[in-house]
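J.: Spelled out, the chains give:
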Amino acid sequence: MYAQMIKTASDGIKSRDEMSDEERTFQDKIDADIKIEPKDWMPEDYRRTLIRQIGQHAHSEVVGQLPEGNWITRAPTLERKAILLAKVQDEAGHGLYLYSAAETLGVSRDELVEMLLSGKMKYSSIFNYPTLNWADIGAVGWLVDGAAIINQVALQRTSYGPYSRAMIRICKEESFHARQGYHAIMAMAFGTPEQKKMAQDAVNRLWFPALMMFGPSDKDSVHSEQSMAWKIKIKTNDELRQQFVDQTVPQILYLGLDLPDPNIQWNEERGHYDFSDPDWSEFFNVIKGNGPCNTDRLAARGKAWDDGQWVRDGLLAHSRKKAAARMAAE
Amino acid sequence: MKNEWPLWEIFIRGQHGMSHRHVGSLHAPDAAMAIKNARDVYTRRNEGVSIWVVEAQHVAASSPSDKGPLYEPSESKVYRHPTFFDIPEEVGAM
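In order, the protein sequences belong to chains X and V. Be aware that the first sequence starts at 1, since it is given in the UniProt record's numbering, and climbs by one per residue. Be aware that the second sequence starts at 1, since it is given in the UniProt record's numbering, and climbs by one per residue.
You may find that some hints are simply not true.
With a straight-line cut-off of 25 angstroms between C-alpha atoms, the simulated SDA-like cross-links for lysine to any residue are [stated by the list, open to error]:
| no. | chain 1 | residue 1 | chain 2 | residue 2 |
| --- | --- | --- | --- | --- |
| 1 | X | 39 | V | 56 |
| 2 | X | 322 | V | 62 |
| 3 | X | 231 | X | 22 |
| 4 | X | 14 | X | 66 |
| 5 | X | 29 | V | 62 |
| 6 | X | 172 | V | 2 |
| 7 | X | 39 | V | 74 |
| 8 | X | 120 | X | 322 |
| 9 | V | 2 | X | 121 |
| 10 | V | 2 | X | 110 |
| 11 | V | 36 | X | 121 |
| 12 | V | 2 | X | 183 |
| 13 | X | 172 | V | 45 |
| 14 | X | 39 | V | 16 |
| 15 | X | 231 | X | 322 |
| 16 | X | 35 | V | 56 |
| 17 | X | 231 | X | 83 |
| 18 | X | 35 | V | 11 |
| 19 | X | 322 | V | 45 |
| 20 | V | 67 | X | 161 |
| 21 | X | 196 | X | 131 |
| 22 | X | 29 | V | 11 |
| 23 | V | 77 | V | 39 |
| 24 | X | 196 | X | 186 |
| 25 | X | 322 | V | 71 |
| 26 | X | 197 | X | 183 |
| 27 | X | 303 | V | 33 |
| 28 | V | 2 | V | 45 |
| 29 | X | 39 | X | 95 |
| 30 | X | 303 | X | 90 |
| 31 | X | 39 | X | 131 |
| 32 | X | 29 | X | 165 |
| 33 | V | 67 | X | 303 |
| 34 | X | 303 | X | 14 |
Read the hints as simulated data drawn from the structure, not as lab findings.
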């Protein structure tokens, strides 16, 4: 879900008869849950789709630092500030694990960053929404990281070894993120009437953007069949979204807040909550670059990249000079 | 010349008495910075007591296509496992 709308590079699923020997052996391994490792043979389309998916996932981790970083200096207590700092630092680490996994597929870190900055690669739509106040920070940790966990837990079983290992590591750290967010929202929901109002407002505003994180409805996600067959994708968008709603509704009720969607209702027959679809036209619009913060986010990433250029160059020049001096001494 | 920092493979000793284990990789201009970055990235939750870093280009690896010649010969040598030998119970622990 940090990777939405990944276009699978493929012309549709091949039958066994249409596959080459290499493709058949590859598919057999995937069907037997044997992980694919960097040096193993893989179809070019599998490689390309994974680079897109892991790259977008990595970009989301890094861009996701921006809305939260916005509140580090304005956290209400020193403890909340230290917690938020630690969480945002984790996101940088998660981006790094994922970039490293993508790099094993033969794309370089700089290429990935350049594709983000030029708009060729996307990041999750959720980070194009603003964090207007402290309640949003709680809601982001709880709802956004909560949604991320649901997707990432499934992806621990993904077929590509380095991606799967990155997911396992990230999941271990991610539950701290969701819990600290819920804890912050709890403080507000059980606080003064004004604080409770802020908590309600944050949930109302972030609910649908959180649902959009899982990507378009299954009937509109045309490319997922091949990704499912390759086990790049483990569960469908709608399955994951339902899981998120079922998990989150009781958490909202515990806080004594109103549900953000009047159509949320337990469906005895399905054994799930019914709920309204997000406004998909808004989703596609944000993906296209017209969300409230798209311009700011990319500008911030571009500035960080440009401002850091002299540091990257300087440290590299220094290490080359020292290496040359060592060589000369030997 | 390509201006990307080289890639380093990171190995962490989780506890005293354990061996170093590969945990992932990162980019850094030199070994000292690689250790500093590894400390920030891979030991934020008490995961380590020691760090090794090796520049990725210095790691030599076996090829997946060598899997057969390398590992199949050991499959037929069941006598290398202690359970291959039935020792009478009267002999005692062995």
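J.: Is the hinted pair residue 67 (chain V) and residue 161 (chain X) satisfied, with a Cα-Cα distance of at most 25 angstroms?
T.: With a Cα-Cα distance of about 17 angstroms, the restraint between residue 67 (chain V) and residue 161 (chain X) holds, given a limit of 25 angstroms.
J.: Hinted pair, alpha-carbon criterion (25 angstroms max): residue 67 (chain V), residue 303 (chain X). Please report holds or violated.
T.: Status violated; Cα separation ~47 angstroms.
J.: Has the given pair, residue 172 (chain X) with residue 45 (chain V), been kept, meaning a C-alpha gap of at most 25 angstroms?
T.: At roughly 11 angstroms apart (the allowed maximum being 25 angstroms), residue 45 (chain V) and residue 172 (chain X) satisfy the hint.
J.: Decide if the proposed pair is consistent with the structure: residue 29 (chain X) and residue 165 (chain X), CA atoms, cutoff 25 angstroms inclusive.
T.: 18 angstroms, holds
J.: When you check the alpha-carbon spacing of residue 303 (chain X) and residue 90 (chain X), does it fall within 25 angstroms?
T.: With Cα atoms ~21 angstroms apart, residue 303 (chain X) and residue 90 (chain X) stay inside 25 angstroms; holds.
J.: For the pair supplied as a hint, residue 322 (chain X) and residue 71 (chain V), is the alpha-carbon distance within the 25 angstroms limit?
T.: It is violated: about 42 angstroms lies between the C-alpha atoms, which goes past 25 angstroms.
J.: For the pair we were handed, residue 303 (chain X) and residue 33 (chain V), check the Cα-Cα distance against 25 angstroms.
T.: Holds, at roughly 23 angstroms.
J.: Given the hinted pair residue 196 (chain X) and residue 186 (chain X), is their Cα-Cα distance within 25 angstroms?
T.: Distance ~9 angstroms between residue 196 (chain X) and residue 186 (chain X) Cα, so the pair holds.
J.: Taking 25 angstroms as the top limit, are the C-alpha atoms of residue 322 (chain X) and residue 62 (chain V) close enough?
T.: 32 angstroms, violated
J.: Quickly compare the C-alpha distance for residue 196 (chain X) and residue 131 (chain X) to 25 angstroms and report which way the hint goes.
T.: 17 angstroms, holds
J.: Can you confirm whether the C-alpha distance between residue 35 (chain X) and residue 56 (chain V) stays at or below 25 angstroms?
T.: Holds: residue 35 (chain X) and residue 56 (chain V) sit about 22 angstroms apart, inside 25 angstroms.
J.: Decide if the proposed pair is consistent with the structure: residue 39 (chain X) and residue 56 (chain V), CA atoms, cutoff 25 angstroms inclusive.
T.: 14 angstroms, holds
The structure fails to meet hints 2, 4, 6, 8, 11, 12, 14, 15, 17, 19, 22, 23, 25, 28, 31, 33 and 34 from the earlier list, while all remaining hints are met.
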